[in-house]
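Q: Residue-level listing of the chains:
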Amino acid sequence: MEINTLKLCGFAIVGAAGAMLLREVRREFELPVRLTATVGLLTVCVLMAGPIVKYAAELFGLSPIAGEAATIVLRAVGIAMLTRLGSDFCRDMGVPSVAAALETAGKIEMLLLSLPLLSTALDTISGLLSQSGL
Amino acid sequence: MDVTLILKVIGIGFIVAVSAQILGKTGRDEQVTFVIIAGIVAVIALLVGEISTLFTTIGELFGF
Numbered sequence: 001m002e003i004n005t006l007k008l009c010g011f012a013i014v015g016a017a018g019a020m021l022l023r024e025v026r027r028e029f030e031l032p033v034r035l036t037a038t039v040g041l042l043t044v045c046v047l048m049a050g051p052i053v054k055y056a057a058e059l060f061g062l063s064p065i066a067g068e069a070a071t072i073v074l075r076a077v078g079i080a081m082l083t084r085l086g087s088d089f090c091r092d093m094g095v096p097s098v099a100a101a102l103e104t105a106g107k108i109e110m111l112l113l114s115l116p117l118l119s120t121a122l123d124t125i126s127g128l129l130s131q132s133g134l
Numbered sequence: 135m136d137v138t139l140i141l142k143v144i145g146i147g148f149i150v151a152v153s154a155q156i157l158g159k160t161g162r163d164e165q166v167t168f169v170i171i172a173g174i175v176a177v178i179a180l181l182v183g184e185i186s187t188l189f190t191t192i193g194e195l196f197g198f
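Chains A and B supply the protein sequences, listed in that same order.
Position 34 of the first sequence, counted from 1, bears residue number 34 in my numbering, the numbering being contiguous throughout.
Quick note, my numbering runs 134 ahead of the 1-based positions in the second sequence.
Since the hints were made in silico from the structure, they are not lab data.
Possibly wrong hints are sitting among the right ones.
[Said to hold, decoys possible] Footprint (simulated), chain B over chain A, 3 or more residues, beta carbon under 8 Å:
#: 1; region: 20-34
#: 2; region: 48-54
#: 3; region: 71-85
Cβ coordinates follow ideal geometry from the N, Cα and C atoms, glycine included.
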């Protein structure tokens with residue numbers, strides 16, 4: 001899939017112009033146009049970010065300490081992106097309370113995901129303290 | 135990213151707007167509501183697939 005900046009700009013401008021026109025004619029259809037433009041552009045962003053994420057995962061894999069944390073960190077980034085997208089969609093539709101609940105759920109899920117890392121860190125710290133005789 | 139999708143959504147919006155105006159002028163106000171609802175449902179049906187693709191792509195990228 002060949003993507004260039006000109007196409008992205010064209011897509012964004014068509015979406016913005018359509019949303020502006022429909023706002024004047026019939027307000028109900030402004031939101032779907034905005035959503036379509038946002039979803040299209042974000043899909044391209046995610047597709048473009050694919051190689052970067054894979055490279056970051058490879059770099060994480062080189063380090064034996066960070067290797068096991070890499071999966072957790074990447075999944076946490078994914079959860080953050082998904083909850084942010086979902087909450088933005090909810091805010092666009094005029095329901096900020098659902099957006100806030102979704103963000104809270106995402107934060108709790110990330111905390112749950114990182115619990116093994118936290119326990120590993122605490123074990124390491126307690127091991128160091130016991131070695132030093134404290 | 136497909137420009138035809140956004141053009142489809144804009145087209146449906148304009149068709150619904152014109153239809154609603156014509157129906158409103160001819161005194162069929164109750165049908166205006168149905169036309170608007172049908173238009174919104176059609177647009178959402180178009181959008182759901184794209185949103186699903188976006189979320190699936192993010193999920194696959196970050197290892198869900």
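Q: Against each hint, give a clear statement of whether it holds in the structure.
A: Status of the hints after comparison with the structure:
| no. | hint | in the structure |
| --- | --- | --- |
| 1 | 20-34 | holds (count 8) |
| 2 | 48-54 | holds (count 3) |
| 3 | 71-85 | holds (count 9) |
Checked against the numbered hints above, the structure violates none of them.
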